[in-house]
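Chemist: Residues per chain are reported as follows:
2 protein chains.
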Amino acid sequence: MALSRKVYTVLKYLPDGTVTSPKGFKAAGIHCGIKKAKKDLALIYSETPCSAAGTFTLNKVKAAPILISKDTLSLRTKVRAVLVNSGNANACTGKEGYDDALFSQHYLASTLNIKENEILISSTGVIGQRMPLPKLLNGIDQIVPFLSEDGGLDAAEAIMTTDLRKKSYAVSVKLSKGEITIGAVCKGSGMIMPNMATMLAFITTDADVETDYLQELLSDAVNISFNKISVDGDTSTNDMVTIMANGVSGITIGKGTEDAGIFFSALSDLCKVMAKSIVGDGEGATKLVTVKIINAKSGRDADMIAKAITISPLVKTAIHGADANWGRIISAAGNSGADFDPAKTGIYFDDLAVLLPGYNTVLDEEKALEILTKDDFTITLDLNDGSYSATWWTCDFSMEYIKINGSYRS
Amino acid sequence: MALSRKVYTVLKYLPDGTVTSPKGFKAAGIHCGIKKAKKDLALIYSETPCSAAGTFTLNKVKAAPILISKDTLSLRTKVRAVLVNSGNANACTGKEGYDDALFSQHYLASTLNIKENEILISSTGVIGQRMPLPKLLNGIDQIVPFLSEDGGLDAAEAIMTTDLRKKSYAVSVKLSKGEITIGAVCKGSGMIMPNMATMLAFITTDADVETDYLQELLSDAVNISFNKISVDGDTSTNDMVTIMANGVSGITIGKGTEDAGIFFSALSDLCKVMAKSIVGDGEGATKLVTVKIINAKSGRDADMIAKAITISPLVKTAIHGADANWGRIISAAGNSGADFDPAKTGIYFDDLAVLLPGYNTVLDEEKALEILTKDDFTITLDLNDGSYSATWWTCDFSMEYIKINGSYRS
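The listed protein sequences correspond, in order, to chains A and B. Residue 271 in the working numbering is what sits at position 271 of the first sequence, and the numbering runs on without skipping anything. Residue 343 in the working numbering is what sits at position 343 of the second sequence, and the numbering runs on without skipping anything.
Treat each hint with caution, since some may be false.
Since the list gives no way to pick one copy over another, a pair counts as held whenever it fits inside one copy or between any two copies.
No more than 27 Å apart at the CA atoms, straight line, and that leaves these computed lysine-lysine pairs for DSS-like [what the hints assert, rightly or not]:
(1) K95 - K174
(2) K177 - K135
(3) K62 - K292
(4) K70 - K60
(5) K62 - K115
(6) K38 - K374
(7) K95 - K60
(8) K297 - K35
(9) K367 - K36
(10) K367 - K35
(11) K23 - K297
(12) K23 - K70
(13) K272 - K36
(14) K344 - K39
(15) K62 - K95
(16) K297 - K95
Calculated directly from the structure, the hints in this document are not laboratory data.
The whole structure should be built from the sequences, with the hints applied where relevant.
Modeler: Below, the structure is given as structure tokens:
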């Protein structure tokens, strides 16, 4: 991690916080006809040029907008806008799909009267179907006049697919020379397990951050938030997280400064809030479970074990059934490939020990049930074998999930 | 693979084929009280000493009977019996659980009047609870008198946990000097996805095979059957497959001979029949799906892609819903980490092309639906990128699975 964690004063988690909470950003969200009736097109826009950075899916199969936005960011030049549609992923659509995406980028550039490479594009939805380009271009015509400083929540709504809740956040923090704000909208998907999340997040800030440093801060923040629910290399065709920093606050985040530490802490906390909101709103999810691995031999071992537990359908169904089945948890850990000694391992549900080292079972079924029926609790594995740790998040696996995914083509 | 595939004459897949179909084997299955009412103890016994071999779980968390049976087989001495209980896994039970298992091995040895190291033991069931030893020892007293040449099907029943169907098979094949028989019982579990299968199979044969060669043949057979539904390194605390060869047929399988090729083909086919029966009887499963990867750059790439597709909940729920969602299939392949070019890939449901190279969609929804509503079909990915292939098996993911695993503690 680039920076150690800083204690900082959250001025406020803004109640209707969103991408337009930082100064100088406008946004809009409309229905343009890609989906039948719901909002399906979002635009986030900065009045002034922004430093920008992004992290993208590592799936071998990359959607057209992923290729184009990666190329755009690789120029390391300033960015002004992000265009996002939901309902069609523009993935596995070949040369034609790529040209559609490129054309939409160019069309928006001419509509906004900015350069093509000042625009990032993003899509989510069904794979393998051509983008209905006339609808999208018509949507671009329609959405630009709606850009407003109150448009963030509309944008949050327009990027949703099977999400039940709009996901929109912002935080203001005090730095040495004044206040800056970071805002964001995101969408989740599926069960947010490796192999299947289509996860999008768009972050804005009125801080001034140099491009390469912004990329470093974003990558580090994503690594301890979104990547703990859906791992690098295990992502969908369309996943992306971007950040735009327009500097309108007049406050510069200098590399390695105390302010940078605070900025990073606020940014990564915002990413964690988003990651947890995505898990908590997973398809059919009824519980948000934090999985903590402590005292591991290495960070890699801790991550491997946490990942194995958070993706295990047997663990996730046991959680759904409020079954204090620690055997499934340690068995999943044993399959992770990580280096640890099961006989040294302790398992806790919140503060309740259910297994102590030496396979010493201390399960109080009644107390365990009390914890497991809550909608938010923590499973901790204490490996007693080192000093590294990892925190991941997952949700339960319900019948509703099967219902949604047996019928929704995404 | 040790041997190339041989065409052989199956004399018969025996209708009530089982572990007692080969000459010289007896078996029994009884209820001894580990489970509430169902049969929970099986014994397979050879009148004469057997060469024996086994493959065991690679989970870091190994049940006590796994440790003991591995040790026993590592002696490379002759074996006479396998004792299997269901209802209690004797896993995560520490030194006490290990001593319980060892004691049951010794107790059976003295009851049968054979040596301890002539006995393999195996358990399946709930993790983390002490074995009710008095019940098990009492069961040993009770089961020995029931040993009979007709007892194979009782043994098959006694090893079941959440299996809906008894799994028992045998095949007789003609070799150059006469006929030999291979019999087997097995049990499946869970969804038979990596991380969760508790899979047991016990094979018997009246052929005479030298111990080290028997191990080689078994390992190769397991690798193209059971390991294509539940991968090495991704197995439960209790998985094991054993084979006992008593030579009572008087026919020796000489290493590298034509007969060995036939024996291996019959053995591996029997293992595939078992593997498929386990998948087809997966918890809540309604469909058996064969996943074939062809023309891959390497066998490893083919396996990685097949595994990623067969474990993907999104693919499995789409199969359940008969949704011709090839996008989820190629996205799962893209996440596998394998080296392939998505743009060269073709996807077929049985013989129906749904995607041709160059992202050329040719989906006939009606015909696809016809195939996907069958209870047994094949998904083929033609990577057009090499000459290697892999065949795996999986099942769909139904609401029934959540129901079973949200309530059953296993």
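Chemist: Checking an output row: K23 and K297, CA cutoff 27 Å. Within, between, both or neither?
Modeler: neither (45 Å within a copy, 52 Å between copies)
Chemist: Could you figure out if K95 and K174 sit no more than 27 Å apart (CA to CA) within one copy, between two copies, both or neither?
Modeler: Result: close neither inside a copy nor across copies, 47 Å intra and 57 Å inter.
Chemist: Checking an output row: K297 and K95, CA cutoff 27 Å. Within, between, both or neither?
Modeler: between (47 Å within a copy, 24 Å between copies)
Chemist: State whether the alpha carbon distance between K62 and K95 is at most 27 Å within one copy, between copies, both, or neither.
Modeler: Answer is within: at 12 Å inside a copy they meet the 27 Å cutoff, but 51 Å across does not.
Chemist: Have a look at K23 and K70 and pick one of within, between, both or neither, based on CA distance no larger than 27 Å.
Modeler: within (26 Å within a copy, 67 Å between copies)
Chemist: Within, between, both or neither: how does the pair K367, K35 come out at a Cα-Cα threshold of 27 Å?
Modeler: Answer is between: at 26 Å across copies they meet the 27 Å cutoff, but 46 Å inside does not.
Chemist: Pop the pair K62 and K292 into one bin, within, between, both or neither, using alpha-carbon distances up to 27 Å.
Modeler: Between copies, since 23 Å is at most 27 Å while 32 Å is not.
Chemist: With identical chains treated as interchangeable, where does the CA-CA distance between K367 and K36 reach 27 Å or less: within a copy, between copies, both, or neither?
Modeler: between (47 Å within a copy, 26 Å between copies)
Chemist: Is it within, between, both or neither when you check K38 against K374 at 27 Å Cα-Cα?
Modeler: This pair counts as neither: shortest intra-copy Cα distance 33 Å, inter-copy 35 Å.
Chemist: Have a look at K62 and K115 and pick one of within, between, both or neither, based on CA distance no larger than 27 Å.
Modeler: within (24 Å within a copy, 61 Å between copies)
Chemist: How would you label the pair K70, K60 (within, between, both, or neither) given a Cα cut-off of 27 Å?
Modeler: The answer is within: 14 Å in one copy meets 27 Å, while 40 Å across copies does not.
Chemist: Check K177 against K135 for me: Cα-Cα at most 27 Å, and say if that holds within a copy, between copies, both or neither.
Modeler: Result: close neither inside a copy nor across copies, 46 Å intra and 75 Å inter.
Violated hints, in rising order: 1, 2, 6, 8, 11, 13, 14; the structure is consistent with all others.
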